[in-house]
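Peer 1: So you can see what is in the structure, the chains are spelled out below.
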Amino acid sequence: MVTLGALRRSAEARGWTVSIRPPQLPKLLNYCRYSGLLAHFQVGPPPEVHPDNVTTPLRAFAGSLPLTDIYEVVALAKARMELSRAAQDDLTLVLTELIQNVLDHSESPVGGFLSARAYKEVRDVRFAVADFGIGIRQTLSRRFDIATDKAAIRRALQEEVTSRSSSRNLGLGLAHLHEIVRVTHGRMVIFSGNGYLRHDNGKDSFGSGDVLFPGTIAFVRLPARQADVEELEVIDIWR
Amino acid sequence: MTESTIRVKVRDWVGERGALEPSAATRLAQHVVEKRSVVGRLVLDFAGVGTISSGFANELFLTLAQVRPLDEWRQFLEFTGLASSQAQVITKSLHAARRLAQKSP
Numbered sequence: 000m001v002t003l004g005a006l007r008r009s010a011e012a013r014g015w016t017v018s019i020r021p022p023q024l025p026k027l028l029n030y031c032r033y034s035g036l037l038a039h040f041q042v043g044p045p046p047e048v049h050p051d052n053v054t055t056p057l058r059a060f061a062g063s064l065p066l067t068d069i070y071e072v073v074a075l076a077k078a079r080m081e082l083s084r085a086a087q088d089d090l091t092l093v094l095t096e097l098i099q100n101v102l103d104h105s106e107s108p109v110g111g112f113l114s115a116r117a118y119k120e121v122r123d124v125r126f127a128v129a130d131f132g133i134g135i136r137q138t139l140s141r142r143f144d145i146a147t148d149k150a151a152i153r154r155a156l157q158e159e160v161t162s163r164s165s166s167r168n169l170g171l172g173l174a175h176l177h178e179i180v181r182v183t184h185g186r187m188v189i190f191s192g193n194g195y196l197r198h199d200n201g202k203d204s205f206g207s208g209d210v211l212f213p214g215t216i217a218f219v220r221l222p223a224r225q226a227d228v229e230e231l232e233v234i235d236i237w238r
Numbered sequence: 000m001t002e003s004t005i006r007v008k009v010r011d012w013v014g015e016r017g018a019l020e021p022s023a024a025t026r027l028a029q030h031v032v033e034k035r036s037v038v039g040r041l042v043l044d045f046a047g048v049g050t051i052s053s054g055f056a057n058e059l060f061l062t063l064a065q066v067r068p069l070d071e072w073r074q075f076l077e078f079t080g081l082a083s084s085q086a087q088v089i090t091k092s093l094h095a096a097r098r099l100a101q102k103s104p
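Which chain is which? The protein sequence lines are A and B, in order. Following numbering that gives the first Met the number 0, the numbering of the first sequence begins with 0 at its first residue and continues without gaps. Following numbering that gives the first Met the number 0, the numbering of the second sequence begins with 0 at its first residue and continues without gaps.
Since the hints were derived computationally from the structure, they do not count as laboratory data. Treat the hints with caution; some may be incorrect.
Covered stretches of chain A, as calculated for chain B (at least 3 residues, CB under 8 Å) [said to hold, decoys possible]: (1) 64 to 72; (2) 88 to 99; (3) 167 to 178.
Every residue gets a Cβ at the ideal spot worked out from N, C-alpha and C, and that includes glycine.
Start from the sequences and build out the full structure, keeping to the hints where you can.
Peer 2: Below, the structure written as C-alpha cells:
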C-alpha cells in the first residue's frame with residue numbers, strides 16, 4: 000500500500016509541493032487523530048494515551064471478515080466493563096455488519112479500518128469503521144437514481160434496499176445496525192461523500208456538509224448494558 | 000421427534016466464532032441439503048451459537064433456495080434455540096430472501 004506520506008515524499012523528490020490535509024470537520028478530525036488514521040497515513044501524530052480510556056490500535060482489514068479483530072474489540076469492551084451477553088452480541092453484530100458492508104460495497108483501494116474506544120467512567124463503547132472507497136451514493140446508483148449523498152444514506156437505511164454488489168446482499172445490514180442503535184439508545188454518525196446521518200436520542204437527522212469525505216465512515220456509540228436476561232424465543236420463523 | 004427427524008447442532012458447523020461469516024452458512028446449508036436427502040425432517044438447533052450476522056443468514060437462505068423454494072423448506076426444516084436477537088436476524092433474512100425470489104422467479 001502506498002501511504003499518503005510516501006506519496007508526499009515521492010512528489011517532493013520531484014520538486015513538487017504537496018499539501019495533504021486531513022478532513023477539517025471537527026468530529027472527523029478528532030476521529031482520524033485518536034484512531035491512529037493520521038499516523039497510519041503519515042500525515043499526523045500518533046494518538047495520545049489517555050488515562051480515562053483505552054483505544055485499540057487501528058486495524059486495517061481487506062478481503063474477509065477480520066474475526067480476530069472483531070472479537071478483540073468485543074473483549075476489550077467486556078474487560079473494561081461488565082457487558083451483558085446481549086450487549087456483546089449487539090456489539091459483535093454491529094461491527095460485523097459495518098465491516099461486511101465495506102467488504103461487499105466500498106471498492107476501497109486500501110481496504111477498511113476499524114478502531115474502538117472504551118472509557119473507564121462512561122459506560123459505553125465507541126468505535127468507527129472507515130473506508131476510502133466509492134461511497135454509498137455511487138454504490139446505490141447501480142440500481143437507483145439518487146441525486147445526493149444525503150439522499151443515498153437515507154435510502155441505504157431502508158430495509159431491503161441494496162445495490163446487490165454481492166449476490167448474498169439483501170439490504171438488511173445497515174437497517175439492522177440502525178435498529179440496534181435505536182433500540183439500545185445508542186448514537187451513530189455516518190459520513191459518506193458530503194452527506195451525513197446523525198442518530199441521537201432516537202432521532203435521525205440527515206444533512207450535507209462542506210467537507211467531502213473520500214469514502215464512508217461510521218461512528219457508533221453503544222451503551223454497555225449489564226442486565227443479562229435474554230429468553231430463548233419460541234417462534235415460527237416461517238410465518 | 001420421529002425416527003426420520005434429526006437435530007443438527009449449528010454450533011458444530013459454524014465453530015467457536017459463531018455465525019458471522021457467510022462462508023460458514025454455505026457449509027451449513029450444504030450439510031442440510033445432504034441430510035435432507037436421507038431424512039424427512041431436520042431441526043436446526045442454534046443453542047450456543049452466539050451472534051448471527053445478516054450476511055450469514057442471507058447466505059443460508061439463498062443457498063437453500065437454490066435447491067427448492069423456501070416455502071417448501073418449511074415442511075422439512077425447524078429452527079430452535081434462537082435468542083430473540085438471533086431470531087430477528089434470521090426472520091428478516093428469510094422474509095427478504097422470499098421477497099427476492101418472488102420478484103425474480
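Peer 1: With reference to the structure, classify each hint as holding or not holding.
Peer 2: Each hint tested on the structure:
Requiring three or more residues with a Cβ within less than 8 Å of a Cβ of chain B, the coverage given for the stretch 64 to 72 of chain A holds, as 4 such residues are present. Counting residues of the stretch 88 to 99 of chain A whose C-beta sits closer than 8 Å to any C-beta of chain B gives 7, which meets the bar of three, so the coverage hint holds. Given a C-beta distance limit of less than 8 Å, the hint that chain B covers the stretch 167 to 178 of chain A holds, as 7 residues qualify and 3 suffice.
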